[in-house]
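I would like the entire structure built from these sequences, with the hints used as guidance.
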Amino acid sequence: EPEVTQTPSHQVTQMGQEVILRCVPISNHLYFYWYRQILGQKVEFLVSFYNNEISEKSEIFDDQFSVERPDGSNFTLKIRSTKLEDSAMYFCASSDGGHFSGNTIYFGEGSWLTVV
Amino acid sequence: RKEVEQDPGPFNVPEGATVAFNCTYSNSASQSFFWYRQDCRKEPKLLMSVYSSGNEDGRFTAQLNRASQYISLLIRDSKLSDSATYLCVSEGGGNKLTFGTGTQLKVEL
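In the order they appear, the protein sequences are chains A and B. According to my numbering, the first sequence is numbered sequentially starting from 354. According to my numbering, the second sequence is numbered sequentially starting from 758.
Honestly, the hints are just simulated from the structure, not real lab data. Hints may be right or wrong, so weigh each one.
Within a straight-line C-alpha distance of at most 25 Å, the following computed SDA-like cross-link-like pairs (lysine to any residue) qualify [stated by the list, open to error]:
{"hint": "1", "chain 1": "B", "residue 1": "853", "chain 2": "A", "residue 2": "438"}
{"hint": "2", "chain 1": "A", "residue 1": "395", "chain 2": "B", "residue 2": "853"}
{"hint": "3", "chain 1": "A", "residue 1": "431", "chain 2": "A", "residue 2": "368"}
{"hint": "4", "chain 1": "B", "residue 1": "853", "chain 2": "A", "residue 2": "368"}
{"hint": "5", "chain 1": "B", "residue 1": "853", "chain 2": "A", "residue 2": "432"}
{"hint": "6", "chain 1": "B", "residue 1": "759", "chain 2": "B", "residue 2": "815"}
{"hint": "7", "chain 1": "B", "residue 1": "802", "chain 2": "A", "residue 2": "403"}
{"hint": "8", "chain 1": "B", "residue 1": "853", "chain 2": "A", "residue 2": "381"}
{"hint": "9", "chain 1": "A", "residue 1": "410", "chain 2": "A", "residue 2": "368"}
{"hint": "10", "chain 1": "B", "residue 1": "836", "chain 2": "B", "residue 2": "816"}
{"hint": "11", "chain 1": "B", "residue 1": "853", "chain 2": "B", "residue 2": "771"}
{"hint": "12", "chain 1": "B", "residue 1": "799", "chain 2": "A", "residue 2": "363"}
{"hint": "13", "chain 1": "B", "residue 1": "863", "chain 2": "B", "residue 2": "771"}
{"hint": "14", "chain 1": "A", "residue 1": "395", "chain 2": "B", "residue 2": "783"}
{"hint": "15", "chain 1": "B", "residue 1": "802", "chain 2": "A", "residue 2": "408"}
{"hint": "16", "chain 1": "A", "residue 1": "410", "chain 2": "B", "residue 2": "853"}
{"hint": "17", "chain 1": "B", "residue 1": "799", "chain 2": "A", "residue 2": "405"}
{"hint": "18", "chain 1": "A", "residue 1": "395", "chain 2": "A", "residue 2": "433"}
{"hint": "19", "chain 1": "A", "residue 1": "395", "chain 2": "B", "residue 2": "864"}
{"hint": "20", "chain 1": "A", "residue 1": "431", "chain 2": "A", "residue 2": "392"}
{"hint": "21", "chain 1": "B", "residue 1": "802", "chain 2": "A", "residue 2": "436"}
{"hint": "22", "chain 1": "B", "residue 1": "759", "chain 2": "B", "residue 2": "789"}
{"hint": "23", "chain 1": "B", "residue 1": "759", "chain 2": "B", "residue 2": "771"}
{"hint": "24", "chain 1": "A", "residue 1": "436", "chain 2": "A", "residue 2": "469"}
{"hint": "25", "chain 1": "A", "residue 1": "395", "chain 2": "A", "residue 2": "468"}
{"hint": "26", "chain 1": "B", "residue 1": "799", "chain 2": "A", "residue 2": "439"}
{"hint": "27", "chain 1": "B", "residue 1": "802", "chain 2": "A", "residue 2": "449"}
{"hint": "28", "chain 1": "B", "residue 1": "836", "chain 2": "B", "residue 2": "759"}
{"hint": "29", "chain 1": "B", "residue 1": "853", "chain 2": "A", "residue 2": "419"}
If you're wondering where the values come from, they're calculated on a predicted model, not measured in any experiment.
And the structure:
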């Protein structure tokens, strides 16, 4: 089965540092997403990306966050100046169409970010 | 009020038991609903979509009641491998999924 791959699987960073989380979505997919899950809490939507632009973002996705699809295969999430409360599992996901159209959203295994 | 609300559990059941989870949602504009399964520190995986007519996939049955804004999941003949957290999820358009906090299931010998 095709899969979404994410790197790194775990990253520890100092508060204030920039972090880039990388994702390779499934190759024929058109929609890309980032979600996060703080330990012990629910999975939360951050941003969706389609046709090389952000299609929707949540209140969590403030100016310190950005996404990019630099080369047609990778999809990255950048956190400019990390805070302690950014510590979470970050899930990348992709789909080839809208979920409401019966298209499944596939999640990667996640990147654990620990900010110290 | 939480957008998607679930009983966190845990539900501890013996192998072979039938267990039911419920979920309510507050956004009446939500279009689609799903049950995802999440193992400890792993990614969510789609278990099944939920339709008003009800749908069944093997031992799993899901039901949606739009009038009551209520979703259910029934697991029959539960197995040890069913132990996981079950996430109730709604989609309100734009491919944005809203997750509940999840219901933890532990199936025991």
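Status of each hint after checking the structure:
1. B:853 <-> A:438: Satisfied, since the Cα-Cα distance of roughly 22 Å is no more than 25 Å.
2. A:395 <-> B:853: Judged against 25 Å, a Cα distance of about 14 Å means the pair holds.
3. A:431 <-> A:368: holds (14 Å)
4. B:853 <-> A:368: violated (29 Å)
5. B:853 <-> A:432: Judged against 25 Å, a Cα distance of about 21 Å means the pair holds.
6. B:759 <-> B:815: violated (31 Å)
7. B:802 <-> A:403: holds (22 Å)
8. B:853 <-> A:381: Given pair residue 853 (chain B), residue 381 (chain A) holds - Cα atoms ~20 Å apart, limit 25 Å.
9. A:410 <-> A:368: Given pair residue 410 (chain A), residue 368 (chain A) holds - Cα atoms ~24 Å apart, limit 25 Å.
10. B:836 <-> B:816: holds (10 Å)
11. B:853 <-> B:771: violated (36 Å)
12. B:799 <-> A:363: holds (13 Å)
13. B:863 <-> B:771: It holds: about 8 Å lies between the C-alpha atoms, which stays within 25 Å.
14. A:395 <-> B:783: Distance of about 16 Å is within 25 Å: holds.
15. B:802 <-> A:408: The given pair, whose Cα atoms are some 23 Å apart, holds under the 25 Å limit.
16. A:410 <-> B:853: holds (9 Å)
17. B:799 <-> A:405: violated (28 Å)
18. A:395 <-> A:433: holds (24 Å)
19. A:395 <-> B:864: holds (22 Å)
20. A:431 <-> A:392: holds (20 Å)
21. B:802 <-> A:436: violated (29 Å)
22. B:759 <-> B:789: holds (17 Å)
23. B:759 <-> B:771: Violated: residue 759 (chain B) and residue 771 (chain B) sit about 31 Å apart, past 25 Å.
24. A:436 <-> A:469: holds (8 Å)
25. A:395 <-> A:468: Roughly 19 Å between the alpha carbons, so the hint for residue 395 (chain A) and residue 468 (chain A) holds.
26. B:799 <-> A:439: holds (18 Å)
27. B:802 <-> A:449: This hinted pair holds, its Cα atoms lying about 16 Å apart.
28. B:836 <-> B:759: violated (31 Å)
29. B:853 <-> A:419: holds (17 Å)
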